[in-house]
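Novice: Just need the whole structure built from these sequences, with the hints factored in.
Residue numbers (numbering that gives the first Met the number 0), protein chains in the order written: chain A, 0 to 322; chain B, 0 to 254.
Heads up, none of these hints are tricks.
Looking from chain A toward chain B, a few residues come up when the C-beta cut is under 8 angstroms (computed): (1) P40; (2) T41; (3) T88; (4) T155.
Listed below are several chain A residues computed to face chain B (Cβ distance under 10 angstroms; list not exhaustive): (5) E45; (6) V69; (7) D71; (8) D90; (9) T152; (10) P179; (11) V238; (12) A240; (13) E253.
No wet-lab data here; the hints were simulated from the structure. Owing to the predicted nature of the structure, the values given are computational and were not obtained by experimental measurement. Each residue gets a CB set at the ideal place from its N, CA and C atoms; glycine is no exception.
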Amino acid sequence: MKKLTSPTTVLFFILLIAAGCSKTEELPPLNQSRILSFKVPTADGEIIGAVDESDKTITLYLPFYYQFSVIDPEIKLSDGASLLEESVTVDVLDNGTIYTVVGADHSKTSYTLTIHLQQVSPLIITEPSTADQTAIWSIGDNRISIKANFHTTDPTLIKASLVDESGHDHPFIANTGYGPAGVVASIGADGKKTYSYGSLQIPPELLPGMYHIKVSHLALNATTTYPVQLVWGRPASFVYAPVTIGPGETFTLESASTAIHDIREAYFTIGGEKKMLEILSQDTKKVIIRVPDDTPTGTHIPSIVCGEFEPSTPGWWGITITK
Amino acid sequence: MKNYNYLAFNLHLLLICAACFSCSKNDDPQPDRDPTPDEEFYYKLHRVENLAMETDDDNPTEAKSAVYFNLATQQEVPNAQAKTMRWDLSFSGLYNSFIGGNNGTNATNFGYGGAGKGGILILEKPFDEVTEVPDGAQFKLGSGVIGTDDAGAFSEGIGWYLYDFGGTILGNGTTEKTHVAYALGASVTTNDGTVIPARTIILKTPRGDIAKIKMISCYKDVFTADKWFKDTPHMYFTFEYLVIPAGSKHFEIKP
Chain A
0 MKKLTSPTTV
10 LFFILLIAAG
20 CSKTEELPPL
30 NQSRILSFKV
40 PTADGEIIGA
50 VDESDKTITL
60 YLPFYYQFSV
70 IDPEIKLSDG
80 ASLLEESVTV
90 DVLDNGTIYT
100 VVGADHSKTS
110 YTLTIHLQQV
120 SPLIITEPST
130 ADQTAIWSIG
140 DNRISIKANF
150 HTTDPTLIKA
160 SLVDESGHDH
170 PFIANTGYGP
180 AGVVASIGAD
190 GKKTYSYGSL
200 QIPPELLPGM
210 YHIKVSHLAL
220 NATTTYPVQL
230 VWGRPASFVY
240 APVTIGPGET
250 FTLESASTAI
260 HDIREAYFTI
270 GGEKKMLEIL
280 SQDTKKVIIR
290 VPDDTPTGTH
300 IPSIVCGEFE
310 PSTPGWWGIT
320 ITK
Chain B
0 MKNYNYLAFN
10 LHLLLICAAC
20 FSCSKNDDPQ
30 PDRDPTPDEE
40 FYYKLHRVEN
50 LAMETDDDNP
60 TEAKSAVYFN
70 LATQQEVPNA
80 QAKTMRWDLS
90 FSGLYNSFIG
100 GNNGTNATNF
110 GYGGAGKGGI
120 LILEKPFDEV
130 TEVPDGAQFK
140 LGSGVIGTDD
150 AGAFSEGIGW
160 YLYDFGGTIL
170 GNGTTEKTHV
180 AYALGASVTT
190 NDGTVIPART
200 IILKTPRGDI
210 AKIKMISCYK
220 DVFTADKWFK
230 DTPHMYFTFE
240 YLVIPAGSKH
250 FEIKP
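Specialist: The following block contains the structure:
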């Protein structure tokens, strides 16, 4: 027993333990082609994507309120590494974007990006029609608004169309003579926020019939349960285009909104009398009219009569006839 | 002979190694294109000529889609990238003639929601005389906030161009001088003798750099007022600018 506690023995054990402690386990070297961080800068900071080294994925949860249609991430790589692909923006609806990192040691690692778009669903349209009453819209009308819980004020993120009875989509025109379509948010009587996507035009080339409204906002889609009825209407506004022409020459009258259809008369009102004009051609947007040779000089306001409607006229600007 | 073989062997080995290295160089990855400007971009006078906008004189009241422009790359940026830091100024509104910066905090800005920290203001001072960022500069954060000048028609404050609707403010009253947009990169004197000083735009980019911009012309290939007429091809923006890094104050050209 004495022998075991002798200074020599103690020293032996200390050295043995010290030698045992100094033994180090070599960890496998870290990959030099790693994505260290993946961040999307925003107005109020950044959204951080989760980089998972076990399955080489990047997962990004993207809240709807940023209203991003693309992301432009800031990617931090291992020292000396670079991305094989050019740094480009990514559509928020695209999943499976691959980032290939090439390390300083020429090793390569590929990461796959998954974007989880956090939208408020379902998308619900406020129906213009009901089971008992069908809304009637004029073909070409450019004051159409669609209400829904879009949860965005960015009109570029919304798509809207009319779906005919054959199932064909006819997109609304979102940039009319009154400017581009916009979105206005308002609080309803029920306290809920509603978004009105307005200044849309019904394509003037559509035919009368029943159409459903279809909208989409990024990954969400909705279609109305009840259709609206499209009918021919009375043109009420025209593209400002005063011209000066001579007798026998032509001018063009172009509707700014409601489609032109079935023009039965075109005339100037001169001294309280109708001066009939010759209709050379017409489509849903415009009519080309010829002025008779015996038209008096002066500025005359033209009128057209479409179907059974009252006459339509620009009202305040006219066609100047010179000799 | 033995020595000769030894040398030849080593020479071959060297050549093979050299060939291997030269081959492997082609496999090196190309660096990804960083949208941030490099140092060479700053303190230089840059010029853009004839930046074309979509124009339809048959529908003069119909605004076209906004155009987003990157000062460093001198390239347009796709509309889908409006909420990114990849563009510095936007051209929007009628004839795309209203300019704004890239700001993520202003709900009226095309970059709303993004990380842009830009803004814009305009000075009644010639480009060369603007030597520093004004103290307490109040940048406007919305889009389309600098456009038609008070001295012309359809004015919206101090603007970068004067719109001569009737051709009588700066024009000679003839039809071809109607509807002319006079860029105010240089001062002009109206027909009633009023001197309109040159304008200089100060732009804060989304990353905080500061640019001073001289708008020179809206017309294709012509840069002086005597060559601007109603039917001269438009809108083709020509402008010059100088950018200084974020936090800097003095505009100067450095070699």
